[in-house]
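**Student:** Combine the two chains into a complex, taking the hints into account.
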Amino acid sequence: MNTQPTELIKETLTRHDEISPGVFVIGFARQHDFTPGQAIKLGIDEINAPRIYSICSGNQDEELCVLYNIKEDGFLTPRLSKLKVGDSVFASAPYGTFLGTDEPAWWIATGTGIAPFRSMLHSGLGQHAMLVHGVRHLNQFYFEDELRGDLGKNYHRCCSAESAEGIHYGRVTAFLEAQNGFSKDWKYYICGQATMAVETRDLLISKGIPFGNIITEIYF
Amino acid sequence: MTSEKVPLFGKTLSELQELVAEYKLPRFTAKQIADWLYKKDISSIDEMSNLSKKARELLNANHTFGLIDPTETKVSTDGTKKYLFPTETGKFIETAMIPFKDRKTVCVSSQVGCKMGCLFCMTGKQGFQGQLTAGEIVNQIRNIPEHEEVTNIVYMGMGEPFDNLDEVLKSVEVLTSEWGFAMSPRRITVSSIGIIPGLIRFLNECEAHLAISLHTPFHEERQQLMPVQIAYPLDQIIEHIKEWDFSGQRRVSFEYIVFGGLNDTPEHVKTLIKMLRGIKCRVNLIRFHPIPGTPLQGTDEETLQEFKDALNKKGILTTIRASRGLDIYAACGLLSTKALVNN
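Here the protein sequences come in this chain order: L and Z.
So in my numbering, spot 46 of the first sequence is number 46, and the numbers just go up one at a time.
So in my numbering, spot 273 of the second sequence is number 1273, and the numbers just go up one at a time.
Bound-form chain Z, shown alone (with noise of 0.2 Å):
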């Protein structure tokens, strides 16, 4: 898969700007490109019948167009397909595609493996093999054969998407621009762990929703699940949060993962609704998907429902997530290429 030639693909506007100022071609060239890129279903520059022949020339000696067919399809019994992508560098990722009712969503990753090293993640035990591009992440939606149909993204697959931030940045802008997949940043949802400057960053230069993957109130064991507490406090994360206005169409929600015996009790409750004060979100709760050694377990389902009612009873609005795609390990935390990467 390695390429000298830089993919097209996953460019934004201004960068195909300066692309087509260093070749000489004319300004207006640049949102041609574009237009081929994101808006017309080619996968090769020799189909951009509107450009000179020069221009396409000078395309074809430097580029590729930069799309990556999946190499492998799964499809579970509940109709989420999970697919794998070759990188540019020749290693892996996988994406969940997940149907529900009128809606398909897209979950893509923005990592090759994680650095991350949570302790209920499949991602995380394969430790981390490289960033994607923001071409090898829009990839993910634009070349699986529902493209068209996908209705929601969001940044849930493998990797943290704020610590490969330009690339996610990039990648969020070619899909709401004008000029590339003009989706509306509310259909999109980047879920972080919380590293403060991208938290940051991210709320300043992107409209996406976002989601902050929470998991206890307490400091000691949310270190214990997440070596990320160390360094970017929840306490903190927080505190930035409630800076932020979220009554208005932007959404914050706060992604927790029920481990029974551990974070299910009405301690926890107390706390969190105690933390979450003031701040206009939502809270999913997720079913733990175990994995290999781990020492967690999933709690019961008459304790997930009274952690839920217990929230939504002091008013803040809690959802249990329903488990897809489970039978091809395509839920959430299961994404792994770790059997592929020494190849």
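Chain L on its own, in the form it takes in the complex (with noise of 0.2 Å):
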């Protein structure tokens, strides 16, 4: 298992679809085995600095995709965002830690945070999973169908600016909040941007969860 990024790759695209306003799957034929939960290194060009995004594709399926969205003010998703299947872009291959496995989970995410957890479920993990999605809008929960598909009532939505029937109104720590009996035994994943993942990481160490099963994922 790779943990660390290789040098990058060009790469060919397969796949460019905008999922949701300004929510993009990139993706390329799969050339590497990888663990569901890892990571590519992915950029324009060789010379600007590439950035890290999760796979969100599973670990047998014939592309490599990750889930992106456009940073107005960033380099890289808006020149991303202009590419057509047949562009090219250059990739690392797949590394990092934070690795899924069967065992009984909580995964958490909020927002794009959710592709890791999307790339678990497609490579057969997921039985014993309770995932959590936090958004702030209701166009914003990527892959909802299959994922309540998938999960059924395992799968737990969030939303902190619009209600809708059978979304939990509010933030994902408001929801974590208010659940009782988080096992201690019990692996918790968190995905997301800082504010979210710090809070949630304090939240489960006080309510007893050890944070040697807390696995948290940044995105910076």
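For the record, the hints were derived by calculation from the structure and aren't laboratory data.
It is possible that part of the hints are untrue.
[What the hints assert, rightly or not] Selected chain L positions facing chain Z (Cβ under 7 Å, derived; list incomplete): (1) Thr97; (2) Ala197; (3) Gly212; (4) Thr216.
Predicted model, so just to flag it, every value in this text is computed and none were measured.
Even for Gly, the Cβ is constructed at its ideal location relative to N, Cα and C.
**Tutor:** Shown next, in the form of structure tokens:
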């Protein structure tokens, strides 16, 4: 298993879909084995710095895909969003140690932090997983149809700015705060932006979860 | 605090040259402005008396001088001071001034909050609220009462410097250039958790000392303490550092907060020695200062001494950093403006 990024290799895009306003799944033919939860470095050329994106496809899929949203003030994503199928990107081999297992686990994500958990599910993991996805707007529940199909009642959606039936109104932390009976032996995977990740980790620790069972991936 | 005018303070000479070219002012005006900004004790554009009236009018119309006063000062019983500065965007940062013997060290912030989420750090608990400009970083040194007595600067306050590297590098340029404050880069230490692209660029483009937050040599343990380990593993950071020559005046040090029953064992010492072999470096052991809700605890003094002695015996220069400013929450890992985030 590769834990470190390798050099960037030129890849030809086989997929580039806008799945929600400003949010894209981009993919190319999979050249490497990987463990679900891992990430790649992705860039538009060999000169400008690549950025790290979690893989959102399964480890048996023919394509390797990542999920990204456009950062208006960023360098990479506005350029990336203009690429078409057949264009080139530069990507590292998969790496990293945010690794999914088949152990009982809570998967907690905000926004595009859903990507590694979708990869885990597509790779056959998740039989013993509870997934919580927090977003601001209802159209940000990426992959919700398939996640609902795969996880059923173990898939919880939280939306902080809009309400709808079957969706918890409020932030992920408020949803978790209201839950009882977190097992100290389960693993707790957190993926998303810093504030949510830190608040969620603190909340779990305050509920008695050993910090050794909390695996946090922060998007920075 | 929000202003549409752009602050001049913090601009590099080349930025000032671009600015005066844009205003069709003589090229030498840039150097004159730099002198006023960084070498003279003034705080307004009107005081730049050797600039033409037209130049001053143009600057006043589009710029502020850019100094920001601290709004609060706390003083520790050990003499350490903690300053609260507002930022241009209406947020707040903290700066520590630490006097020790004949030295006065300023610990500056590089971001409002931090994205890195280290388990032991108070700043991380407030999340990330924004980047500081080079001017806001240098302002933390220039605009404290002790600014003329400052001997050392450490980028160890709020934020991760390599996550705001453009502005950090510009601030070091302002501090070390002849046209700026003309400090030696050997009096400046930039501390990072090891964002590798930033590390490489910093080592290439900057002469200041480097400090790396290490805290444990074991991957899984470091990942629990510092989520960045997933993206930028320590062994890879060390590999990059080994490519650089630190046998001259430039120094690399490793910061190691010692947690009781976690990273203070002989196994940690042994692995640390193996990991740092071949690097001319220093290890700074830091006492852990507990923060609310933390599952971590500090180690005892005896273990701390043994840890230090064991490393020193194996030829790794190791010191225990004195905890300063604890009573005003200015000590390592305690800076935070979380309470002011929503104001």
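**Student:** Which of the listed hints are broken here?
**Tutor:** Nothing - there is no hint that the structure violates, so all of them hold.
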